[in-house]
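Add chain W to chain L, keeping to what the hints say.
What follows is the residue order along each chain.
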Amino acid sequence: MHDGPAPDSRFPGLRRRGFLAAGGAAGLGALALTGCTGTAPSGDAAGGRPRRGGTLRAAFAGGGAEETLDPHRANLFADVARAKALFDKLADFGADLSARPRLATSWEPNAGLDRWTVRLRKAVFHHGKPVTARDVLYSYRRIADPRQAFRAKASLAPLDLTASRAVDERTVEFVLKHPTAEFPNLLAAFGAYIVPDGTKDFTAPVGSGPFRFVSFTPGRSAVFRRHEDYWDGPPHLERLEFLVANEESARLNALLGGQVEYAHELTPTTARTHEGKGQIEIVRLRNSTMQSFAMKTDRPPFDDRRVREAFFLLADRRELVAGALSGAGEIGNDLFGKGYQYYADGLPQRRPDPDRARHLLKKAGAEGLRVTLDTSAVAAGFTEAAAIFRDQAAKAGVRVKVAMGSKDSYWQDTLDSGTLCCYRSGAMPLESHFSQRLLSTSTTNATHWRHKDFDALYQQAQSTRNTEDRAAVYARMQRRLYTEGGFLVWGFADWIVGTARTVRGVDRRAPANTLDWARFDRVWLT
Amino acid sequence: MTGLRPWLLRRLLLGAGQTVAVVLLVFALTEALPGDAAVALAGDQPDPARIAALRETMHLDRPAAERLVDWAAGLAHGDLGSSLVSGRPVSSYLADGFGPTLLLATLTLLLLVPLAGGLGVLAARHEGRLVDRLISAVTLGVYAVPEFALGVLLVTVVALRLEWLPPTAVGHGDDLTAHPAVLVLPVLVLLSRPVCSLARLVRAGMIDALAAPHIAHARRYGIPGARLRYAHALPNALAPAAQQLARTVDWLLCGVIVVEALFVIPGLGTVLMNAVAERDVPVLQGLAVVFAVTGVVLNLAADTVIYRCTPRAGVAA
Numbered sequence: 001m002h003d004g005p006a007p008d009s010r011f012p013g014l015r016r017r018g019f020l021a022a023g024g025a026a027g028l029g030a031l032a033l034t035g036c037t038g039t040a041p042s043g044d045a046a047g048g049r050p051r052r053g054g055t056l057r058a059a060f061a062g063g064g065a066e067e068t069l070d071p072h073r074a075n076l077f078a079d080v081a082r083a084k085a086l087f088d089k090l091a092d093f094g095a096d097l098s099a100r101p102r103l104a105t106s107w108e109p110n111a112g113l114d115r116w117t118v119r120l121r122k123a124v125f126h127h128g129k130p131v132t133a134r135d136v137l138y139s140y141r142r143i144a145d146p147r148q149a150f151r152a153k154a155s156l157a158p159l160d161l162t163a164s165r166a167v168d169e170r171t172v173e174f175v176l177k178h179p180t181a182e183f184p185n186l187l188a189a190f191g192a193y194i195v196p197d198g199t200k201d202f203t204a205p206v207g208s209g210p211f212r213f214v215s216f217t218p219g220r221s222a223v224f225r226r227h228e229d230y231w232d233g234p235p236h237l238e239r240l241e242f243l244v245a246n247e248e249s250a251r252l253n254a255l256l257g258g259q260v261e262y263a264h265e266l267t268p269t270t271a272r273t274h275e276g277k278g279q280i281e282i283v284r285l286r287n288s289t290m291q292s293f294a295m296k297t298d299r300p301p302f303d304d305r306r307v308r309e310a311f312f313l314l315a316d317r318r319e320l321v322a323g324a325l326s327g328a329g330e331i332g333n334d335l336f337g338k339g340y341q342y343y344a345d346g347l348p349q350r351r352p353d354p355d356r357a358r359h360l361l362k363k364a365g366a367e368g369l370r371v372t373l374d375t376s377a378v379a380a381g382f383t384e385a386a387a388i389f390r391d392q393a394a395k396a397g398v399r400v401k402v403a404m405g406s407k408d409s410y411w412q413d414t415l416d417s418g419t420l421c422c423y424r425s426g427a428m429p430l431e432s433h434f435s436q437r438l439l440s441t442s443t444t445n446a447t448h449w450r451h452k453d454f455d456a457l458y459q460q461a462q463s464t465r466n467t468e469d470r471a472a473v474y475a476r477m478q479r480r481l482y483t484e485g486g487f488l489v490w491g492f493a494d495w496i497v498g499t500a501r502t503v504r505g506v507d508r509r510a511p512a513n514t515l516d517w518a519r520f521d522r523v524w525l526t
Numbered sequence: 001m002t003g004l005r006p007w008l009l010r011r012l013l014l015g016a017g018q019t020v021a022v023v024l025l026v027f028a029l030t031e032a033l034p035g036d037a038a039v040a041l042a043g044d045q046p047d048p049a050r051i052a053a054l055r056e057t058m059h060l061d062r063p064a065a066e067r068l069v070d071w072a073a074g075l076a077h078g079d080l081g082s083s084l085v086s087g088r089p090v091s092s093y094l095a096d097g098f099g100p101t102l103l104l105a106t107l108t109l110l111l112l113v114p115l116a117g118g119l120g121v122l123a124a125r126h127e128g129r130l131v132d133r134l135i136s137a138v139t140l141g142v143y144a145v146p147e148f149a150l151g152v153l154l155v156t157v158v159a160l161r162l163e164w165l166p167p168t169a170v171g172h173g174d175d176l177t178a179h180p181a182v183l184v185l186p187v188l189v190l191l192s193r194p195v196c197s198l199a200r201l202v203r204a205g206m207i208d209a210l211a212a213p214h215i216a217h218a219r220r221y222g223i224p225g226a227r228l229r230y231a232h233a234l235p236n237a238l239a240p241a242a243q244q245l246a247r248t249v250d251w252l253l254c255g256v257i258v259v260e261a262l263f264v265i266p267g268l269g270t271v272l273m274n275a276v277a278e279r280d281v282p283v284l285q286g287l288a289v290v291f292a293v294t295g296v297v298l299n300l301a302a303d304t305v306i307y308r309c310t311p312r313a314g315v316a317a
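From first to last, the protein sequence lines stand for chains L and W. Each residue of the first sequence is one higher than the last, beginning at 1 in full-length UniProt numbering. Each residue of the second sequence is one higher than the last, beginning at 1 in full-length UniProt numbering.
Calculated directly from the structure, the hints in this document are not laboratory data. Watch out, some of these pointers could steer you wrong.
Listed next, the stretches of chain W that the computed footprint assigns to chain L, with coverage defined by at least 3 CB atoms under 8 Å from CB atoms of chain L [stated by the list, open to error]:
| # | region |
| --- | --- |
| 1 | 47-60 |
| 2 | 260-272 |
Listed below are several chain L residues computed to face chain W (Cβ distance under 10 Å; list not exhaustive) [to be verified]:
| # | residue |
| --- | --- |
| 3 | Leu76 |
| 4 | Pro218 |
| 5 | Val244 |
| 6 | Ala250 |
| 7 | Gly258 |
| 8 | Gln259 |
| 9 | Gly405 |
| 10 | Ser409 |
| 11 | Asp413 |
| 12 | Thr414 |
Here the structure is a predicted model, which is why all the values come from computation and not from measurement. Think of the CB as a built atom: it goes at the ideal place given N, C-alpha and C, for glycine as much as any other residue.
Here chain L stands alone, though its shape is the one from the complex:
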């Protein structure tokens, strides 16, 4: 948005260059970030040198029986936080959602981008055995098992795991079913953790992560201790305890009362009340959740792109962020991935324009349009956003009826039925957002966006080795979505974490689900 949007929108050529410049800037940012992952940034912010020792207690919302230490079954934030303490992935996402090497030290493609050689670093599991190519192949084959339903299975689908092989102890050659320029994203996929070859039982799991297992009671607590031989340097903390408190008020009270030192997932109201008051520290992880309305582009009224554009212009994003997110977030521009690698931040910011919206609706023969907006208490801000948007739409004569759905089956209910629904997404690379939601073959295509030419652009990007050229293809895809896509992205919500004042080294930039989020090996207590 700081690229001077006005002239760009009039000159497509300029716009393109503007984007490339932005892509370059993002690239530089990525380089700078690589240089200072770890303690440096937070150390500066918090002051002081890391101190060794102590126990950190972290409160998360849990899931009772659903909770598991099997990292491939991880489903909840608490599961993932525990999994990343015990295990490693080959790669993980930086703050801009680009893949960073973890257990892998390098990845090299062949000319066709369908064969990648990954070298592993020297790392040991908690039982002392080294992490080898065999462990990697075992882990991925377990995830991809057709008889199972592991969450990362879809992410690993491009891999041909029967043809992939261990070249030597610490080299894996991955064979892919088609060219995959974004192969590193796959190594960083949600839940793609490396477990020792042959592991089936996770009651006392052995991983290569910064902490070793001590005890676990599903729905209550997990206790881990420092792994001295961790390849990325042993954690500062002696012990790490994960505690489950499902109510936000309970997590906050436990933090205020000194029963925990870290409380995950607090509300914007809590953040406002306690920010800068000196009792606890509030950490806002920006751009963690995309907030949007999903329009089904294959059925009336949204099969007419003019109606979609009218809806883009109906939304007053500032009001939505202020009301539905209590101000804890930024406005969106109908594109996924603000602040992430390849995000098209050169496109002009959409502003509310009810008159033009009315005009577009008239042209589309949709005056006095009535739409049902599906919502549910399944995610923070959904019901509020629906009510606010209903009032905004009324200004252009569109009657929105808000329908409340069950929160336990909301995502399935809204996948194929209805025409308009509240939608949100956690952080993931742009490429994953495209492949999971916007291709003809996507299995969770909530906007029913199915276009052969768009699919072709995606394939083209995946066959493009050069990063800048690939960025240009992504820019084209995003321009298309910006003008006529099905996602009305109105905001990006902060993810709010509270810590005791004694806690240092908590990263303040990493969106939820990235490497430095809920990462406790870099944290210390004063």
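The following block gives chain W in isolation, referenced to the frame of chain L:
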């Protein structure tokens, strides 16, 4: 005492029928809820192929009636089945959740009965005078405050401002007895409303009983005041209170969700909430059995007490 045994038998049979009805109802209602365990687990990744695979691994692809029959067959052997989501036996869920719930219920009851009885009798003795009015005003006032509000208030003032007690029981789910301080506030909240309702019932029953002709008669015989109150009047006052007490115990044993959530106590209420959200039918049915049996047994016990205390009142089966 003639007729107690056949009456008991009749009531037990009825109770068994009620339990079966509750279990069937819970099964039917859970099936009627939108989505199943596979949908709930898939969450915001509702990939149809994944949901189908999950359904297959959970055996949800079999007809509902067949699953119910299988479960009932297991129940006949004392097997409550296992969770759809984790595969752990349902009995372990119930055992895990029952500990904290039972502890809270017992502590609450131990305090509730003497406190409510004492307050009720005290108020009745001073009917219409200052003590009675004070007790009535306070019990009415406290009764009007919902548990949640009282809990939040107590946590804010007693735990966070005064720092006398820990605000939650987070992290102590397995060893609550080792940290009795974390139990004070939850028990206080659980106690608040039952004490009030029970004390008021005892007071009303006591006033009625003290005014009854047989008490006046006993008084004329010169039976001393304390014996008159506790041996002759109180049993009559207990009939309505016993039923209220049974209801309270039932409420306590079925897991008080508000208190569990506020103070992070992993009891049966928490198990229930999670099981509903996960559509974990076997766990829900296990809970239904436990709750139904608890309800039946407690009400039967209450009715038996009434039967013994006031034989004249008769007992409706």
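Results for each hint:
1. A count of 8 residues in the region 47-60 of chain W with a Cβ less than 8 Å from any Cβ of chain L is obtained; the coverage claim is therefore met, three being the minimum.
2. Counting residues of the region 260-272 of chain W whose beta carbon lies closer than 8 Å to any beta carbon of chain L gives 7, which meets the minimum of three for the stated coverage.
3. With a cut of 10 Å, the hint placing L:Leu76 at the interface with chain W holds, because the nearest CB-to-CB distance is about 9 Å.
4. Contact between L:Pro218 and chain W, as hinted, is supported at the beta carbon level, the nearest pair being about 7 Å apart and thus within 10 Å.
5. Below 10 Å, beta-carbon pairs count as interface contacts, and L:Val244 has one with chain W at about 8 Å; its hint therefore holds.
6. For L:Ala250, the suggested interface contact is upheld, since its CB lies about 5 Å from the closest CB of chain W, less than 10 Å.
7. This hint holds: L:Gly258 has a C-beta 8 Å from the nearest C-beta of chain W, less than the 10 Å allowed.
8. Interface restraint check: L:Gln259 against chain W, minimum CB-CB distance 5 Å, threshold 10 Å, status holds.
9. Proximity of L:Gly405 to chain W holds as hinted, the smallest CB-CB distance being about 8 Å (cut-off 10 Å).
10. Hint status for L:Ser409: holds, given a least beta-carbon distance of 3 Å to chain W, under 10 Å.
11. A hinted interface residue such as L:Asp413 counts as satisfied when its beta carbon comes closer than 10 Å to some beta carbon of chain W; here the least separation is about 6 Å, so the hint holds.
12. Taking 10 Å as the C-beta cut-off, the interface hint given for L:Thr414 holds, the closest approach to chain W being about 9 Å.
The earlier numbered hints are all upheld by this structure, with none contradicted.
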